[in-house]
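Chains as they are written, first to last, in our numbering: chain A, 1 to 114; chain B, 115 to 223.
Quick caveat, the hints were computed from the structure, so don't treat them as lab data. Quick caveat: nothing in here was measured; it's all calculated off a predicted structure. Warning: the hint list may mix true and false statements.
Below, computed lysine to aspartate or glutamate pairings styled on EDC-like, alpha-carbon distance capped at 20 Å [unchecked claim]: (1) LYS117/B with ASP181/B; (2) LYS117/B with GLU102/A; (3) LYS71/A with GLU102/A; (4) LYS117/B with GLU129/B; (5) LYS9/A with ASP26/A; (6) LYS215/B with GLU59/A; (7) LYS9/A with ASP56/A; (8) LYS9/A with GLU73/A; (9) LYS117/B with GLU79/A; (10) LYS9/A with GLU159/B; (11) LYS9/A with GLU52/A; (12) LYS71/A with ASP56/A; (13) LYS215/B with ASP38/A; (14) LYS57/A with ASP26/A.
From the derived model, a few chain B residues whose C-beta atoms are all more than 12 Å from chain A [to be verified]: (15) MET124; (16) HIS163; (17) THR186; (18) ALA192; (19) ASP196; (20) ILE203; (21) THR212; (22) LYS215.
Simulated restraints, written as ranges between beta carbons of each label pair [stated by the list, open to error]: (23) GLU102/A with LYS215/B: 37 to 43 Å; (24) SER18/A with MET124/B: 40 to 46 Å; (25) ASN70/A with LYS215/B: 19 to 25 Å; (26) GLU180/B with GLY63/A: 42 to 48 Å; (27) PRO8/A with ALA207/B: 19 to 25 Å; (28) GLU180/B with THR7/A: 31 to 37 Å; (29) GLU79/A with SER167/B: 24 to 30 Å; (30) THR166/B with LYS57/A: 40 to 46 Å; (31) ASN170/B with VAL114/A: 44 to 50 Å.
We treat Cβ as the ideally placed atom computed from N, Cα and C, and that holds for glycine.
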Amino acid sequence: NAGVTQTPKFQVLKTGQSMTLQCAQDMNHNSMYWYRQDPGMGLRLIYYSASEGTTDKGEVPNGYNVSRLNKREFSLRLESAAPSQTSVYFCASSETGGGLTEAFFGQGTRLTVV
Amino acid sequence: DAKTTQPNSMESNEEEPVHLPCNHSTISGTDYIHWYRQLPSQGPEYVIHGLTSNVNNRMASLAIAEDRKSSTLILHRATLRDAAVYYCILAGANSKLTFGKGITLSVRP
């Protein structure tokens with residue numbers, strides 16, 4: 001099993017450009033999450049989806065949109081990238097939300113906005 | 115959301131046990147205690163979680179205080195590969211995983 005797969009692994013954007021970060025999981029999980037991690041910091045939740053068709057804001061949603069395309073896929077879109085969005089982005093999934101089950105993380109997308 | 119408090123860093127020697135503490139004095143009765151670790155340049159990796167009783171798995175043990183206001187992650191024999199940032203997280207049944215800064219574990223050969 002691949003687990004949680006994120007694409008791309010690296011990306012450089014110019015300020016104002018848009019892009020979509022893709023995430024797919026093959027574990028039939030209901031809940032999916034997007035986090036960002038700035039240097040030397042812990043992860044901060046951007047958006048999460050408790051189940052297919054639902055999304056909710058996390059701690060730092062401004063400047064981002066998400067789509068839970070189906071049960072497998074959860075994408076994160078930057079409409080107009082800013083240098084402050086330079087970060088490593090992690091997607092995660094879990095069978096259920098919250099603390100009941102463990103979460104599985106992808107390897108991250110390293111995004112630089114110049 | 116209830117918060118956790120961890121030391122910034124800890125050092126250990128290879129092949130010795132490591133006890134990583136976590137304080138969570140405002141924990142609620144339905145909060146699970148989760149531990150994740152993050153190796154350099156990788157995504158976080160689940161280690162263990164529990165609610166009230168101590169838990170063991172192939173990676174580690176989780177010791178939970180009787181009043182649940184603190185817990186300890188125990189690595190029985192540290193290896194160089196265990197050098198990572200370890201996050202102690204509280205999560206209710208329907209809440210999201212919220213990460214703090216974690217504790218950086220260094221392992222000396």
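**Report entry** Range hint compliance [Cβ, PRO8/A to ALA207/B, 19 to 25 Å]
**Finding:** violated (34 Å)
Query raised in the report: Do the alpha carbons of LYS117/B and ASP181/B lie within 20 Å of each other, as the hint requires?
Result: holds (16 Å)
Requested in this report: Over 12 Å to the closest beta carbon of chain A is the bar; see if ASP196/B clears it.
Outcome: Non-interface label stands for ASP196/B: nearest chain A Cβ at 18 Å, farther than 12 Å.
Query raised in the report: Given the hint that LYS71/A pairs with ASP56/A, does the C-alpha gap stay at or below 20 Å?
Result: Cα-Cα ~15 Å, so holds.
Report task. With 44 to 50 Å as the target window, see if ASN170/B and VAL114/A comply at their CB atoms. Result -> holds (48 Å)
Report task. Could you grab the alpha-carbon distance between LYS215/B and ASP38/A and see if it respects the 20 Å cut-off? Result -> Within the cut-off at roughly 11 Å; holds.
Query raised in the report: Quick one: are GLU180/B and THR7/A within 31 to 37 Å, going by C-beta?
Result: violated (46 Å)
Report task. Mind verifying the non-interface call on MET124/B? Its CB should be farther than 12 Å from each CB in chain A. Result -> Given a closest Cβ separation of 16 Å, the condition holds.
Query raised in the report: Does LYS117/B pair with GLU79/A here, judged by a C-alpha cut-off of 20 Å?
Result: violated (33 Å)
Query raised in the report: Between LYS117/B and GLU129/B, is the straight-line Cα distance small enough, at 20 Å or below?
Result: violated (31 Å)
Query raised in the report: Is LYS9/A close enough to GLU52/A, meaning Cα to Cα at most 20 Å?
Result: Violated: LYS9/A and GLU52/A sit about 25 Å apart, past 20 Å.
Query - Cβ distance range 19 to 25 Å for ASN70/A and LYS215/B, holds or violated - result: violated (35 Å)
Violation of the numbered hints given earlier is confined to hints 4, 7, 9, 11, 14, 16, 20, 21, 22, 23, 25, 27, 28, 29 and 30; the remaining hints are satisfied by the structure.
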